[in-house]
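Chemist: Here is what each chain is made of, one letter per residue.
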Amino acid sequence: MNTFDAKQVRLDFPILQQNVHGKRLVYLDNAATSQKPQAVINRLNDYYSHDNANVHRAVHALSERSTHAYEQARIDIQKFINAKDAHEIIFVRGTTEAINLVAQSYGRPQFKAGDEIIISHMEHHSNIVPWQMLCEQTGAILRVIPVNDAGEVILEEYERLLNPRTKLVAIVHMSNALGTINPIEQMIKQAHALNVPVLIDGAQATAHLTVDVQKLDCDFYAFSSHKLFGPTGIGVLYGKAKLLAAMTPYQGGGDMISRVSFAKTEYREIPHKFEAGTPHIAGVIGLGAAINYIKQLDLPAVHAYEQQLLNYATEQLLTISKLRLIGTAKNKAAILAFILEDIHAHDVATILDSEGIAVRAGHHCTMPLMERFNVPATVRASLAFYNSREDVDALIAGLHKVREIFK
Amino acid sequence: MNLRELYQEVIIDHSRHPRNFHENAAANHHAEGFNRLCGDKLTLFLKIENDIIQDASFIGAGCAISTASASLMTEFLKGKTEAQAKEMFENFHQMLTLENPPASINDQLGKLTVLTGVREFPSRVKCATLAWHTLQAALTNKVQPVSTEEDLIEP
Numbered sequence: 006m007n008t009f010d011a012k013q014v015r016l017d018f019p020i021l022q023q024n025v026h027g028k029r030l031v032y033l034d035n036a037a038t039s040q041k042p043q044a045v046i047n048r049l050n051d052y053y054s055h056d057n058a059n060v061h062r063a064v065h066a067l068s069e070r071s072t073h074a075y076e077q078a079r080i081d082i083q084k085f086i087n088a089k090d091a092h093e094i095i096f097v098r099g100t101t102e103a104i105n106l107v108a109q110s111y112g113r114p115q116f117k118a119g120d121e122i123i124i125s126h127m128e129h130h131s132n133i134v135p136w137q138m139l140c141e142q143t144g145a146i147l148r149v150i151p152v153n154d155a156g157e158v159i160l161e162e163y164e165r166l167l168n169p170r171t172k173l174v175a176i177v178h179m180s181n182a183l184g185t186i187n188p189i190e191q192m193i194k195q196a197h198a199l200n201v202p203v204l205i206d207g208a209q210a211t212a213h214l215t216v217d218v219q220k221l222d223c224d225f226y227a228f229s230s231h232k233l234f235g236p237t238g239i240g241v242l243y244g245k246a247k248l249l250a251a252m253t254p255y256q257g258g259g260d261m262i263s264r265v266s267f268a269k270t271e272y273r274e275i276p277h278k279f280e281a282g283t284p285h286i287a288g289v290i291g292l293g294a295a296i297n298y299i300k301q302l303d304l305p306a307v308h309a310y311e312q313q314l315l316n317y318a319t320e321q322l323l324t325i326s327k328l329r330l331i332g333t334a335k336n337k338a339a340i341l342a343f344i345l346e347d348i349h350a351h352d353v354a355t356i357l358d359s360e361g362i363a364v365r366a367g368h369h370c371t372m373p374l375m376e377r378f379n380v381p382a383t384v385r386a387s388l389a390f391y392n393s394r395e396d397v398d399a400l401i402a403g404l405h406k407v408r409e410i411f412k
Numbered sequence: 074m075n076l077r078e079l080y081q082e083v084i085i086d087h088s089r090h091p092r093n094f095h096e097n098a099a100a101n102h103h104a105e106g107f108n109r110l111c112g113d114k115l116t117l118f119l120k121i122e123n124d125i126i127q128d129a130s131f132i133g134a135g136c137a138i139s140t141a142s143a144s145l146m147t148e149f150l151k152g153k154t155e156a157q158a159k160e161m162f163e164n165f166h167q168m169l170t171l172e173n174p175p176a177s178i179n180d181q182l183g184k185l186t187v188l189t190g191v192r193e194f195p196s197r198v199k200c201a202t203l204a205w206h207t208l209q210a211a212l213t214n215k216v217q218p219v220s221t222e223e224d225l226i227e228p
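The listed protein sequences correspond, in order, to chains B and E. Okay, so the first sequence: first residue is 6 according to my numbering, each after it adds one. Okay, so the second sequence: first residue is 74 according to my numbering, each after it adds one.
Hints should not be assumed to be uniformly reliable.
Unchecked claim - Only pairs whose alpha carbons sit at most 25 angstroms apart, straight line, appear in this in silico DSS-like list of lysine-lysine:
{"id": "1", "chain 1": "E", "residue 1": "LYS114", "chain 2": "E", "residue 2": "LYS151"}
{"id": "2", "chain 1": "E", "residue 1": "LYS215", "chain 2": "E", "residue 2": "LYS153"}
{"id": "3", "chain 1": "E", "residue 1": "LYS114", "chain 2": "E", "residue 2": "LYS215"}
{"id": "4", "chain 1": "B", "residue 1": "LYS220", "chain 2": "B", "residue 2": "LYS89"}
{"id": "5", "chain 1": "E", "residue 1": "LYS153", "chain 2": "B", "residue 2": "LYS412"}
{"id": "6", "chain 1": "B", "residue 1": "LYS327", "chain 2": "E", "residue 2": "LYS114"}
Simulated from the structure, these hints should not be mistaken for laboratory data.
Please work from the sequences and hints to get the whole structure.
Modeler: Structural data, given as structure tokens:
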């Protein structure tokens, strides 16, 4: 029994109640950033209206309130991804910073020339470039798992790449450009068999899948608030306590120290040693509100609804002539990337925009993947639970309009 | 927003069947235009003798607006002097970027006015101007590819 009502939920998102170019807004760019429910907007407003103060510093009432709300959000996030301990939740600016933190704090002090880092061909630039920088700094080598024509990692190749020189595997949970859900549980097991730790880029996955970091047994899990209906500018790095405790801080400053003298500085325990300076307090509290909003939905029903909507949209798209879907993995979610064989993605996006339909056109920060599929750019419609069949139908009507204009 | 103003039949036609769409081994001026964010790419070939553009052609891949703009530009350029080409670059740029372009500009632009509709689509102006900025680079044989994706931080 599906207890999820997308139409009702859409009303929780004030931004969606508007017309664009005189048409009902159809927001299908959720993989770029998701919209925010009223509950999150209200929480930010409340925080700045009543509780704003720096955290962990003062004894006054406002600071106690803001510190409590900030640390409560950490606990809410810990529970949301089922981390063992709230100390394993580090606040960063976003997925990108989380990955850079691991590259610089975990990788840089210990990786040596000839060590190997494995990523996949479908990674976002944010899970490629930090490792390339680390390779330049240490002499380590980047190895890339190829993907097949459906946009799935080729597991036999992964198995072949894993070897005693492998020092880290960094792989995306769910691809932003294809929608592919990678078999990460299995891939983590394979890496662990060689004592290789695994970082998961969860930027897309957290909004569409249930994430249980203990069940996955991943060593690091990175995600962003803004793709999860929370504010921009805040994200999370989960790391196993044992690994985090052994790592040196990423940045130095206030709030991350236990004692400073000019001779020597002692760092605080995790997570604080990784949170130098005044953090994005409002962002953290807003992310907590987003997670509380999501948790009051019937999540299994939400995920089932999204899957049905994806299937419906896929069927409908395939009725458009000369449309080629990019990303047809058996196990995928929420992303519909495609090209019209004779019309450039940017022209498609401009015409859809004039119909009030927001999609993304471009390389989606996955240039190597675009080359793999031999396309300069794709059109990407990405779903969230507040989208409906009506939105999909508008997209299809918009594509018919594209065809008509380019007749 | 008037889509038909943007995607006029002439533009669709030139994007489907770009004119002067080939390399030219005899060209003595070349330049590359590349908007790396959107991926539009073109190489321009000019053969200039005695200050007259004897031949103009291009190759590349891009959206309908950038392809049609390059196609229309190469058509215009043939037989023009360098000074005339530079003057038209200014006119074209003014048509797309000035808030109130002078009324006389349309007479000067002639056929190129089919691209006027791009004005209403600020995110697409860079597509229409890529070929013309590439032209400027070709006239000076600039080696670095040019881009019309500007730094959005105003000076």
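Chemist: Hints first: check each against the structure and report whether it holds.
Modeler: The hints, checked one at a time:
1. E/LYS114 with E/LYS151: holds, 22 angstroms
2. E/LYS215 with E/LYS153: Distance of about 20 angstroms is within 25 angstroms: holds.
3. E/LYS114 with E/LYS215: This hinted pair holds, its Cα atoms lying about 16 angstroms apart.
4. B/LYS220 with B/LYS89: holds, 11 angstroms
5. E/LYS153 with B/LYS412: The hint is violated at about 34 angstroms.
6. B/LYS327 with E/LYS114: holds, 23 angstroms
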